[in-house]
Amino acid sequence: MKPVKRIEIVIEEIELENVIRELDFIGVVGYTIVPRAGGRGERGVRYESVQGLGNVLLTIACDEAQANRVIEAMRPILRRYGGVCLVSDAMWVIHDS
Amino acid sequence: MKPVKRIEIVIEEIELENVIRELDFIGVVGYTIVPRAGGRGERGVRYESVQGLGNVLLTIACDEAQANRVIEAMRPILRRYGGVCLVSDAMWVIHDS
Amino acid sequence: MKPVKRIEIVIEEIELENVIRELDFIGVVGYTIVPRAGGRGERGVRYESVQGLGNVLLTIACDEAQANRVIEAMRPILRRYGGVCLVSDAMWVIHDS
Amino acid sequence: MFSLSNMLIPAILFFALGFLAQLIRSDLKFPPDLTKALSIYLLVGIGLHGGMELAKIDPASAIGAVVAALGLGFGLPIIAYLLLAMVVRIDRLNAAAIAAHYGSVSAGTFVTAIAFLDSVKVAHESYPVIMLAIMESPAIIIGLVLANMARKGTGNGNEKRISRELVHDAFTNGSVVLLLGSMLIGAIAQPTGLSKILPFYDTMFMGVLCLFLLDMGMEASRRIGDFRKVGPLLLVFGIVMPLIGAAIGLATGHWLLGFGVGGTLLVAVLAASASYIAVPPAMRLAIPEASPALFLTLSLGVTFPFNVIVGIPLYFSAAQWLAR
Amino acid sequence: MFSLSNMLIPAILFFALGFLAQLIRSDLKFPPDLTKALSIYLLVGIGLHGGMELAKIDPASAIGAVVAALGLGFGLPIIAYLLLAMVVRIDRLNAAAIAAHYGSVSAGTFVTAIAFLDSVKVAHESYPVIMLAIMESPAIIIGLVLANMARKGTGNGNEKRISRELVHDAFTNGSVVLLLGSMLIGAIAQPTGLSKILPFYDTMFMGVLCLFLLDMGMEASRRIGDFRKVGPLLLVFGIVMPLIGAAIGLATGHWLLGFGVGGTLLVAVLAASASYIAVPPAMRLAIPEASPALFLTLSLGVTFPFNVIVGIPLYFSAAQWLAR
Amino acid sequence: MFSLSNMLIPAILFFALGFLAQLIRSDLKFPPDLTKALSIYLLVGIGLHGGMELAKIDPASAIGAVVAALGLGFGLPIIAYLLLAMVVRIDRLNAAAIAAHYGSVSAGTFVTAIAFLDSVKVAHESYPVIMLAIMESPAIIIGLVLANMARKGTGNGNEKRISRELVHDAFTNGSVVLLLGSMLIGAIAQPTGLSKILPFYDTMFMGVLCLFLLDMGMEASRRIGDFRKVGPLLLVFGIVMPLIGAAIGLATGHWLLGFGVGGTLLVAVLAASASYIAVPPAMRLAIPEASPALFLTLSLGVTFPFNVIVGIPLYFSAAQWLAR
Ligand SMILES: Nc1ncnc2c1ncn2[C@@H]1O[C@H](COP(=O)(O)O)[C@@H](O)[C@H]1O
Ligand SMILES: Nc1ncnc2c1ncn2[C@@H]1O[C@H](COP(=O)(O)O)[C@@H](O)[C@H]1O
Ligand SMILES: Nc1ncnc2c1ncn2[C@@H]1O[C@H](COP(=O)(O)O)[C@@H](O)[C@H]1O
Ligand code: NA
Ligand code: NA
Ligand code: NA
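Chains as they are written, first to last, in the working numbering: chain R, 1 to 97; chain F, 98 to 194; chain C, 195 to 291; chain E, 292 to 615; chain D, 616 to 939; chain Z, 940 to 1263.
Pulled out of the complex, with its shape left as it was, chain R reads as follows (with noise of 0.2 Å):
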């Protein structure tokens, strides 16, 4: 096991592909989308609705370095739309090991 970072991220569905393609420059390999969620925040509530207009939670497990590049791009996607960006630790359950 190795210790890593563990960001989640909530943005609104219509951010994801932007999002993404941050992750990608970055060069984040790794994170798990749930989408179809809802939830209320500064912004109002949301929810799953032919609008699309729902949020989708974004869940990175990464060393701390990559974590801080993560960080500093999500400011500001964050400012600029909303959103909620929350850092922990985890071990990583590395199966060759």
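Calculated directly from the structure, the hints in this document are not laboratory data.
Where hints are given, some of them may not hold.
Unchecked claim - Lysine-lysine pairs mimicking DSSO-like chemistry, simulated, CA-CA at most 30 Å apart: (1) Z:Lys-1060 - Z:Lys-995; (2) E:Lys-320 - D:Lys-644; (3) E:Lys-347 - D:Lys-775; (4) E:Lys-347 - E:Lys-412; (5) D:Lys-671 - Z:Lys-1060; (6) D:Lys-644 - D:Lys-767; (7) F:Lys-99 - C:Lys-196; (8) Z:Lys-1099 - Z:Lys-968; (9) Z:Lys-968 - Z:Lys-1091; (10) E:Lys-520 - E:Lys-443; (11) D:Lys-767 - D:Lys-844; (12) Z:Lys-1099 - E:Lys-320; (13) E:Lys-451 - D:Lys-644; (14) D:Lys-775 - Z:Lys-968; (15) R:Lys-2 - C:Lys-196; (16) Z:Lys-968 - E:Lys-320; (17) R:Lys-2 - F:Lys-99; (18) Z:Lys-995 - E:Lys-412; (19) E:Lys-443 - E:Lys-320; (20) Z:Lys-968 - D:Lys-644; (21) D:Lys-671 - D:Lys-767.
Unchecked claim - Simulated restraints, written as ranges between beta carbons of each label pair: (22) D:Asn-773 - E:Lys-320: 56 to 66 Å; (23) C:Ala-267 - E:Ile-515: 39 to 49 Å; (24) E:Ile-348 - D:Ile-693: 55 to 65 Å; (25) D:Val-855 - Z:Thr-1131: 51 to 61 Å; (26) E:Val-458 - F:Glu-119: 20 to 30 Å.
None of the values given here were measured: they were computed from a predicted structure.
Idealized CB from N, CA, C, for every residue including glycine.
Once you have looked at the hints, place chains F, C, E, D and Z with the ligands on chain R.
Frame of chain R, contents of chains F, C, E, D and Z with the ligands only:
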């Protein structure tokens, strides 16, 4: 970044409305809902179905004082209807700092 | 509240049945399943589709001894099929205390 | 007549296919949203047709059916509760929850009975559709009252708020709103417009029912694993209660309401069927102490298949016998 | 004529049912994927029929309609913006976002108008379907330009990339592609093949519209809670703007394009309707500073119900008056 | 004849529309559950019709088709494997996984071929539907055996359990159960009942196929990005293997089974098509070492579009030539 409590609640879909009412009452302004979850616990297996007896995953990031109030509000609900409530630590990426 | 390990597993939908069988064998009684997830990792991009090749997110709260058994059971599965398993600490809100 | 050919109705065969698919552990699965869509379609279809038929008759003549529906809706859950508490001797909260399911109705069983009447080319009165809509809710209220009685003393302020909400929910339940609403639309919409939307509900109806029953067959079959938890006496209740309900329904349809064979069968089916879509979430909220493994396994895993495969042709024979 | 019987069109009654169901806080809910499926079906159906009709006529004769659609698509959002910025006096970014919604169109309102024409047995030209497809996108561009002007100076490189993408998105929007694509297929596919797929789109069309409007009624009703946030003046805009649009559309249809009563009504409805499916996500991306509570509540909660219940019969009377 | 007009079949045009929509990066998306619902409908529809046709003929006469299907199902994946291992020279596990896809069949391609025959008004035998159901599973078994041989020595106890499960899964696969089950229902259900559900499957069938192919066009187009990973030689395999399969299928249909032009085309299409729904998850479980980017890109991104656009008319011309 500021330290926050990350509360993760798994409850049945049908209770969501009640729990949100409690959160409103406490003054929690932000939460994320992942609908259509399944699971197993003391009350057996649950999965999304036409009966609407599936689970919902609720994630709340808030300060410790609010977290304590959420936890106290959840206890009677968990006692009555079952479910799970986990609390952990996280750092919230603030966009304007 | 009691301290627990929070295990987060991302695997392919088609493996879920096998993993649950392992959990049953170990004696894990509680877990939560978020179906229809997508993601990217070493094995490329995955998304929910008619082929059923999407991901599933499994969250398990348990004590440390059980966590270790789950981790050991997951290693060969992760080696064979890929996926991710993260372990972190959390406090479980017990309803009757 | 109770013959093999009755079982060769496509709707019932699809139910059997779903049941079997799950038994052999096939990976066949319906997306849950598809099942929801199919049941929305079926309820609107039943409602529209019922409404159009009802528009043709004198509203006053429906009063008998309405009263009978209320009588069955309030009476059946009490009978079920007494049986469960006295004879089967399970705890009162589980008894109340199960009773609510058997007092309410299953639209899926109702439509299967209509498919059955279609296949034997027997007509039916249009009143039973109103009865279907009316009988959804009362049993939920009775279940709630019985549970509150069982709990007596623990009824604090919070409990009262929950009860108040549940009474609201019982009458604004999605299926009730869809059924009554579509019935009203079928009754008042202008004919030109109706004739444009009816093909949708006519052409597809029986085909959609087949897909719905295919999925319900799988759901019912999934419940078999919980038979152990239910226990033999309760399993017997899952067969005996629909028979009692059917007997009461047959009497109500034939003597009280004076219906023909078709209408009598439908009333019997309403009384014999147990809800497995609308009532489970209501009881989960109202009586969280009760076990879904019990009420769902009984209503969906025992009574629904019994009614679809054995019950409907049996009650039909009885209705024919009464009408001799 | 503006009479009660117009409101008894099933499609409108189902809209009302959905609205009511939500008002009484029923737990009736449509799976979001079902709504998406219904809207895909409706767009393909409109497209195929439109394409088949258009194949029969001289392409040159459609130029007028195309030019008119472009004129309305670029002109209406500017009128809306001026009203919002000068008269209602809201901030420019919200004004730009709302303007884009009113410059674009609502396919749901358009189809309801067709159901209306069907019910009063009035024919209509086939050109408005092309206009529907064309009018989806220009308002999005105008909204973007207005927002960039409002922001002036802040247009950095990133901003430009976003703008470029949004122009692409405006023209490759799912509804535009479905509508134009199906129209093309309706126009060029071989008749034998078309005759095999048309029953699907004919038999079900009005029935599917009813289900779609049932859900949209619930969505519209959900928006009522945000009326406070919107404020009285803006709510008035949600009624006045469709009236202005309809007036312009009536003039365009009747005088400019020389359409009959049916075609004129449809052009009026295109101009009067506000998008609530395609434009909201586009504006959320383009103008994140604007509040969805404002633009969604106005387009979906005010203008859509107004057009469906009051607007369509009103514009129809006006079109009849013009055609006297 | 291989002419442009063949490509103007609506089903194929919708496939092209989906392909194009994705190419221009439109945000058009189908909810995955809708695609699942459409494919359930199509399988039940094919099965019911096939079953009704088969009920009319002597079961013994079907033995030839059954044997031929088994021969193709077991033989084709071996041919594909040899080509991949010897000529294309990819590793044996990927070869086994890809071989399983090409030995199995694509119901989507099969139905497109039926739409094609409809459009050129050519009848076809009913046996190929049984062949479709039979040919789903054997190739999965062969893929498994080939992979176990490639791995030899690593077959521990766990491996054996997985193999046993996979053989079970191959024969209880959702599509197999739906197809065989509906076929049985079509064959044995009472005619009155069938006549009530058939309109659903007749009226909508070709329209539903169009929506399904629209989505599959998008899925196929999404795979283009992985062409680099697949490499030129393997891409050529994705074209050559269906041609080989078609040749074998044509021979089987024409000489071995003595089918007419229609039936021969369908057998050719069964042999030429590669599974892209049922086999991918099976191979992912059975041969996790194999890359989905390879097998999905080949079957869905190369062979499926090739068969739909070029293959079907080509094989049809060949079948006509044989029948001269
Ligand atoms: N405190 C919070 N805890 C959990 N999720 C949140 C929180 N605040 C916001 N969110 C999520 O982030 C989305 C966007 O937030 P906002 O931009 O503040 O409206 C919301 O719809 C929620 O899903
Ligand atoms: N130990 C656990 N870890 C993760 N989720 C759990 C656990 N126990 C229960 N759950 C979730 O909480 C739901 C309700 O639990 P219960 O009330 O114990 O049946 C289950 O369906 C699971 O989704
Ligand atoms: N670093 C990561 N962070 C979060 N999720 C990941 C990560 N790596 C892989 N995953 C998830 O695990 C799935 C399988 O990973 P893999 O086997 O590496 O392709 C991916 O589709 C992702 O959903
Ligand atoms: Na009953
Ligand atoms: Na407009
Ligand atoms: Na093949």
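Tested hints:
| no. | hint | in the structure |
| --- | --- | --- |
| 1 | Z:Lys-1060 - Z:Lys-995 | holds (22 Å) |
| 2 | E:Lys-320 - D:Lys-644 | holds (22 Å) |
| 3 | E:Lys-347 - D:Lys-775 | violated (64 Å) |
| 4 | E:Lys-347 - E:Lys-412 | holds (22 Å) |
| 5 | D:Lys-671 - Z:Lys-1060 | holds (25 Å) |
| 6 | D:Lys-644 - D:Lys-767 | violated (43 Å) |
| 7 | F:Lys-99 - C:Lys-196 | holds (25 Å) |
| 8 | Z:Lys-1099 - Z:Lys-968 | violated (40 Å) |
| 9 | Z:Lys-968 - Z:Lys-1091 | violated (43 Å) |
| 10 | E:Lys-520 - E:Lys-443 | holds (27 Å) |
| 11 | D:Lys-767 - D:Lys-844 | holds (27 Å) |
| 12 | Z:Lys-1099 - E:Lys-320 | holds (26 Å) |
| 13 | E:Lys-451 - D:Lys-644 | holds (26 Å) |
| 14 | D:Lys-775 - Z:Lys-968 | holds (26 Å) |
| 15 | R:Lys-2 - C:Lys-196 | holds (24 Å) |
| 16 | Z:Lys-968 - E:Lys-320 | holds (22 Å) |
| 17 | R:Lys-2 - F:Lys-99 | holds (24 Å) |
| 18 | Z:Lys-995 - E:Lys-412 | holds (25 Å) |
| 19 | E:Lys-443 - E:Lys-320 | violated (43 Å) |
| 20 | Z:Lys-968 - D:Lys-644 | holds (22 Å) |
| 21 | D:Lys-671 - D:Lys-767 | violated (48 Å) |
| 22 | D:Asn-773 - E:Lys-320: 56 to 66 Å | violated (44 Å) |
| 23 | C:Ala-267 - E:Ile-515: 39 to 49 Å | violated (28 Å) |
| 24 | E:Ile-348 - D:Ile-693: 55 to 65 Å | holds (57 Å) |
| 25 | D:Val-855 - Z:Thr-1131: 51 to 61 Å | holds (58 Å) |
| 26 | E:Val-458 - F:Glu-119: 20 to 30 Å | holds (21 Å) |
Hints 3, 6, 8, 9, 19, 21, 22, 23, counting from the list given before, are not met by this structure.
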